[in-house]
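*Asks:* Here is how the chains run, residue by residue.
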Amino acid sequence: MDLALFVLLVLIAGVAGGLIGSLTGLGGAVVVIPVLVIAFNVPFSIAVGTGFVTILATSSTTGAAYVLDHLSDLRIGMFLEIATVPGALLGATTTVFLVHANLSNALLIALGAVLLAIVPGTYARRHIEIPTGVVPDRRSQALTLSGEYHDAALDREVRYQAGQTSPALGVMFGAGWTSGMFGIGAGAFKVLALERFLGLPMKVATATSNFMIGVTAAAGAGIMLAAGYVNPVIAAPAALGTACGAYVGSRILPGLQNRTVRYVFIPVVAGLAIEVILRGLGLP
Amino acid sequence: MSSGGAPPSPTMVPLRPLPDEAYRRMAAVLRIGLFASLAILVSGVIAYLITHGSEPYGNAVSSNPILNYLSLSGLLSGLAGGHVEAYLTLGLLVLVATPILRVASGFYYFGRGGERWMAGITFAVLVLLLLGVLVLGPLIR
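Respectively, the protein sequence lines represent chains R and Y.
Numbered per our numbering, the first sequence finishes at 284, counting up by one with no gaps.
Numbered per our numbering, the second sequence finishes at 141, counting up by one with no gaps.
Mixed in with the good hints there might be a few duds.
Take a look, some chain R residues computed to stay more than 10 angstroms from chain Y by CB distance [said to hold, decoys possible]:
{"id": "1", "residue": "G63"}
{"id": "2", "residue": "M78"}
{"id": "3", "residue": "A110"}
{"id": "4", "residue": "V268"}
Short, incomplete list of chain Y residues facing chain R, as computed with Cβ under 8 angstroms [stated by the list, open to error]:
{"id": "5", "residue": "L30"}
{"id": "6", "residue": "V61"}
{"id": "7", "residue": "L72"}
{"id": "8", "residue": "L79"}
{"id": "9", "residue": "T122"}
The set of hints was computed from the structure by calculation and includes no laboratory data.
The structure displayed is predicted, hence computed values, not measured ones.
Backbone N, C-alpha and C fix where the C-beta goes; we use that ideal spot for every residue, glycine too.
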C-alpha cells in the first residue's frame, strides 16, 4: 500500500470515527484507535497519541457552540480540571512506561475492556428531569459553584448548584487517568461525576464534560507529543477526518432518532473492542 | 435571579457568573485555534501527498518524523527548509495549544474578577499542562 492510499484510509477512518462518535456520544477516538491498531498495525502508543489529537479536533469543533450557549459551566469545569489534568498526565505517563516494558498487549486488552464497559452506559435511559434537593458542600459554597441556563424544552431559566465536590474530584481524577492511558475522551465518567455527585442538570453536565474533555486531551496529547508518540503523518489525516465527521454528525443529529442511531452504531464499537482484546491476546 | 428549577435546598449558593465577554472570548479561542490548525493540517497533508504519496506507507508508520521537530530550533529550521512534516507538526501543536490558551483566558478572567481561589486553581491547571508538555514529555521520551 502506498502512502496516498494509507492517508486516505486514515482520513476515512477519522470521518467514520467523528460521525459515529458524535452520534453516539462516545467520541471519535473509540473508533480511530482500534482501527489503527487492527487494520494498519500501528503501535499502541502511536494510536493513543492519535486518539488524543482526534479528541482535540472534535471537542474544539463542538465545544465553542456549547460555550456560547452558556450550557457549559466554565466555573465548575475549570474547577474540576484540577483533578482531570493530573489524572491525564499520570495516565499518559503510565502508558509510556508500560509500552517501554513491552506490555502493549496488556494495554490493548485493558483498552478493549474499558470500551466494553463504556458501551452499556450509552444505552441507559438518560434522566431529563432537573435534579432537586442538591446540598452544596463547603467547597461548593466557597467557590460559588452554581449557575443558571435557559432550558428551551422547559421554556424557563433553570438554576443549579454543585453538591458533593470531593467524590466528584475523585471520579474526575479517575476519568483523567483513563483518558490519559487510552487516548479516549472518557466523557461517560465525567458526566457520571457531574450528574451523580454534583447534581447538575443533564444538559449542563453533558456540555461541561465536552468543555473539559479538550483540556484533559491536551494534557495527554502534550505528553505524547513531547515524548514523540504522535506521528504527524497519521495524526494529521485522523484529526481532519474526525473534525469533518463530528461536524457532519452534529448537523444531522437533530434529524435522527437518537435511540436508533445508538442501536446501529454501538455494536460497531463493541465489535472493535472485542477485536482489540483478541489482538491483545495474540489471537487472529 | 430566576425562580425556575431551583431545588428547595437549605443552602442556596449565590450566582457569580463570569462576564459574557469571557464566554465569547473562550469560544473565539476554540474556533480560531481549530480553524488555524485545520488550515495548516489540510495544506500540509496535500503537500505531503504530492511529495511522498507514492512511497510505501510502512516507512512513515515505523519512523516518526516528529522527533526532528520537537525543539524550537528544529521546528523553525524545518519550517524554513520547507519540510512538510514540520508544518504538520506545527498544525498539531496549534491544536494542542488551543485548550491550553482557553485555560489561560480563564485564569485572566477569574483574576480580573478578584476571585483568588478560582484564579489560583486555573493557574495550577495551566502550570500542570505546561509541565506535561515541557518537562514530563521530554523526560519520558
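*Asks:* Is the nearest Cβ of chain Y still more than 10 angstroms from the Cβ of V268 (chain R)?
*Replies:* Per Cβ check, V268 (chain R) is outside 10 angstroms of chain Y; nearest 24 angstroms; holds.
*Asks:* Return the status of the interface hint for T122 (chain Y): holds when the least beta-carbon distance to chain R is below 8 angstroms, violated otherwise.
*Replies:* At 5 angstroms from the nearest chain R Cβ, T122 (chain Y) passes the 8 angstroms test, so the hint holds.
*Asks:* When the nearest CB of chain R is found for V61 (chain Y), is that gap smaller than 8 angstroms?
*Replies:* V61 (chain Y) check passes; min Cβ-Cβ to chain R is 6 angstroms, inside 8 angstroms.
*Asks:* Just checking, A110 (chain R) versus chain Y, shortest CB gap more than 10 angstroms?
*Replies:* Since the minimum Cβ distance to chain Y is about 19 angstroms, A110 (chain R) lies beyond 10 angstroms and the statement holds.
*Asks:* Could you check if L72 (chain Y) really has its C-beta closer than 8 angstroms to a C-beta on chain R?
*Replies:* violated, 12 angstroms
*Asks:* Given L30 (chain Y) was flagged as interface, is its beta-carbon under 8 angstroms from a beta-carbon of chain R?
*Replies:* holds, 4 angstroms
*Asks:* Once the shortest beta carbon distance from L79 (chain Y) to chain R is found, is it less than 8 angstroms?
*Replies:* Hint on L79 (chain Y): violated, closest Cβ of chain R at ~13 angstroms, above 8 angstroms.
*Asks:* Confirm or reject the statement that M78 (chain R) sits farther than 10 angstroms, beta carbon to beta carbon, from all of chain Y.
*Replies:* Incorrect as stated: the minimum Cβ-Cβ distance to chain Y is 5 angstroms, not above 10 angstroms.
*Asks:* Is G63 (chain R) truly not at the interface, in the sense that its beta carbon sits beyond 10 angstroms from all beta carbons of chain Y?
*Replies:* Given a closest Cβ separation of 5 angstroms, the condition is violated.
Consistency note: the structure conflicts with the earlier hints numbered 1, 2, 7 and 8.
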